[in-house]
Amino acid sequence: MSLILLVQASPIVLPEASTQAVVEDRIFLILLAVSAAIVLLVLTLVIGFSIVYRAGSAARRGPLPIWIRHEFEIGWTSATIFAFLFIFWWTASSQLHLQTVPRSALEIHVVAKQWMWKIQQPSGVREIDTLHAPLGIPVKLVMTSQDVIHDFYVPAFRLKQDVIPGRYTELTFTATEAGTFQVFCAQYCGLDHARMNADVVILPPADYARWIADQPEGDTLAGEGEKIFASHGCGGCHGQGAAVHAPPLDGLYGSRVPLAGGGFALADENYIHDCILLPHKRVPAGYAPIMPSFQGVLSEDQLVPLIAYIKTLKAKP
Amino acid sequence: MSAQASAPQAAPGDEPSYLDEGHSVASWIFSTDHKRIAILYAVSITVFFFIGGAAATLMRIQLFEPNNSFVSAAQYNRLFTMHGIIMVWFFLVPSIPTTLGNFLVPMMIGAKDVALPKLNLTSWWLYVGGAIFTIVCLIGGGVDTGWTFYTPYSTLYSNAAVLSAAAGVFVVGFSSILTGVNMITTVHMLRAPGLTWFRLPLFVWGIYATSLVMVLATPVLAMTLLLVIAERMGLPVFDPRFGGDPVLFQHLFWFYSHPAVYIMILPAMGVISEIIASEARRRVFGYKAMAVAMLSIAVLGFLVWGHHMFVAGMSPFADIVFSFLSFVIAVPSAIKVFNWTATLYRGEIRFGAPMLYALGFLGLFTVGGLTGLFLASVPVDVHVHGTYFVIAHFHYIMVGGSVSAYFGGLHYWWPKITGRMYLEWWARLAAITMFLGFNFTFFPQFIAGYLGMPRRHFVYAPQYHLYNVMSSTGAVVLAAAYLLPLFYLGWSLVWGARAGANPWNATGLEWLTPSPPPKQNFARTPRVDNDPYDYHEPETGPTQADQPPRQPQGGVA
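Listed in order, the protein sequences are those of chains A and B.
Counting in this note's numbering, the first sequence runs from 1 upward without gaps.
Counting in this note's numbering, the second sequence runs from 318 upward without gaps.
Incorrect hints may have been included.
[Claimed, not checked] Stretches of chain A that chain B covers, calculated by requiring three or more beta carbons in the stretch to come under 8 Å of a beta carbon on chain B:
{"#": "1", "region": "61-73"}
{"#": "2", "region": "147-156"}
{"#": "3", "region": "176-190"}
{"#": "4", "region": "200-210"}
[Said to hold, decoys possible] Facing chain A, from chain B, some residues (calculated, C-beta under 10 Å):
{"#": "5", "residue": "L473"}
{"#": "6", "residue": "E665"}
{"#": "7", "residue": "V684"}
{"#": "8", "residue": "H774"}
{"#": "9", "residue": "E854"}
Hint data in this document are derived by calculation from the structure and do not stem from the laboratory.
Quick reminder that beta carbons are idealized off the backbone N, C-alpha and C, glycines included.
Just chain A, with the same shape it has in the complex (with noise of 0.2 Å):
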């Protein structure tokens, strides 16, 4: 009784909840399609073999033809080199399609740490343990940790990334399907790892605007980011007319560094993030390495505005 109970609690479908779970999908069920076959074919052979062949049976042994001895094996060879090379030439395909992030993607913010996922909406408002994003409108999850390695994995979405300390990791999604999808920890991260759980909350798109519109009043990400900025000084050296030779920020997000030892660095977020921490690692050309670490001063919770605001510094005419 309880054991039927058991098997109707216990779906065998997933939700197919984002555009990369169909590809996901797709290829999951074709490569079971392959894996069966090859299966079959060995299991039939085997025991078909251990029947006809059992020791004692009257079936004809002899020698093996000479085609067996070697058409048989060059056949079989190239074969499961092409089977394999088309299975990787496909999937690869499917995969390289998938990175490309369109420009309007809707950018938040997720801060893991020991147990819990913070979340950070561009318009500023604050969760925990929960994600609410629009229906059909490119999300990009920018993350990263404030201790060990986490990792969001949305199993509806059929997508995972691992969320790295000292370092920004992203996660594009599209999602298909309004409703609330679990979201589990799966990379080992300590005690209460099994425990690290959220909810990812898709709403139509006008539903989710009035979602925010309806969390209390307050700064919008970069609006608290100027705040840091301020509170923190960093206008002393970066401002206008800072007695400090420090780089200018303003239209520094996406541009080309020179740096101090040669060569280029692109001033993506990971790069603002490791010069805020670690500013001797990468040191514009033409500055000396003056700048001190904001190492434990600033929380990544609070990188996170800081860096939304810096983004928003355009070059001036």
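For chain A, the structure is supplied; the task is to place chain B on it using the hints.
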């Protein structure tokens, strides 16, 4: 020409067997005889196997219910770490090379011992010392990092005996390197006259390929563990706060640990080749392709580590390269499966217990290998990475594959090693139970994994309940199957029928000497004039059931 009559060596009784060369404990633990060292290893890995198995049993009890509180989160994390460390480093890596390999490689190539007998004994002492030290740490203090020791958790956040456990594994690694060096030297230097490379039995090829991997990959593990130890003592290495990269640790770790998978499976492939040829009474189909496949697996195994890191933020192009190489390494593995299957064609197949294990291996290895293709495909891996799908996949390879092969080999050479026959029907029962219990335990985990159940979770969402109930129930059957051989093999040591020199009518040099062999293995060094697996005229197949080999290797010395 019966096998016994063809053996030119001394008959049993002329010279005491290696088992009778002293009965004191010291005569064993200080013996440099490769056969005695093989027994020392066999006893040690058996003890460790059951400790690791006990940890798995406790985990499966906990997972029987979604929100069970049989163990706490902290205890569960220590249990899966203990299970992983013991099973990988103290059981699977040494299992076949140090027991069957140690015992059989010198005998199969017609040597009196390995090339470096004292090094062989040193290797066992390092192994047993390091392993016992680590297990005391694992049980006494506990380690909660997982066997993978991922930084920065292992170095900066874990409050556990990481440092001492890593030091213990470091020491055991040296035992692995020494065994590898010893086997390579032995195969190069001590082959009997006439025993050219392409006359070597495939088991020797398997151990040789494995030893190359051991010697080249294990030092990377040693170095990586030293870096972990250094960071735990305060020297920043992977710490991002000092500009370190925790992902670098993963590159180093998998540069060893992926080849380590091949350390576990290559010897198994060797064992299976021996058993299938002997039980089907046929030459191995495509012998050269089989040997070359093992070597290419050993080489390619070094180039695929990145497929463990598709979701660790590597460049998408690096993902594609590692995906490509992982598909490439599937080719030699597939060839081996096809060749084993083809060896059965037109054979005179016997179904003794070793053959049942070998056929089980064939099925389980095929499923394990094919699910590897899923994991090599980046989009699928992004979904199932870190879930029970991966757990099921590598258990099919490492338990369904390697452990089945170990049991198959243990039964096949049991008469040679102990001089006694086991009880055939009990052995067959254990083989079949093991196969069924294994599938019952691990197949549901593929489904749970596809549905998204992450590994290393001590509680889980209720939709995964059914698959965990199935898995835990299967584990009971599997545990029973693993305990069975302890009893009937133990029984055979005392009451088993005496075995002749060559009870299976097989062709290897190891079957020329009495069972159990004398200390010197061979009274005279055998001469080899023919290929291995010379079971029948090349122009005809085997002509009758239990046909004696046409010409055992070294049989005409």
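Verification of the hints:
no., hint, in the structure
1, 61-73, "holds (count 7)"
2, 147-156, "holds (count 7)"
3, 176-190, "holds (count 8)"
4, 200-210, "violated (count 0)"
5, L473, "holds, 8 Å"
6, E665, "holds, 5 Å"
7, V684, "holds, 6 Å"
8, H774, "holds, 4 Å"
9, E854, "holds, 8 Å"
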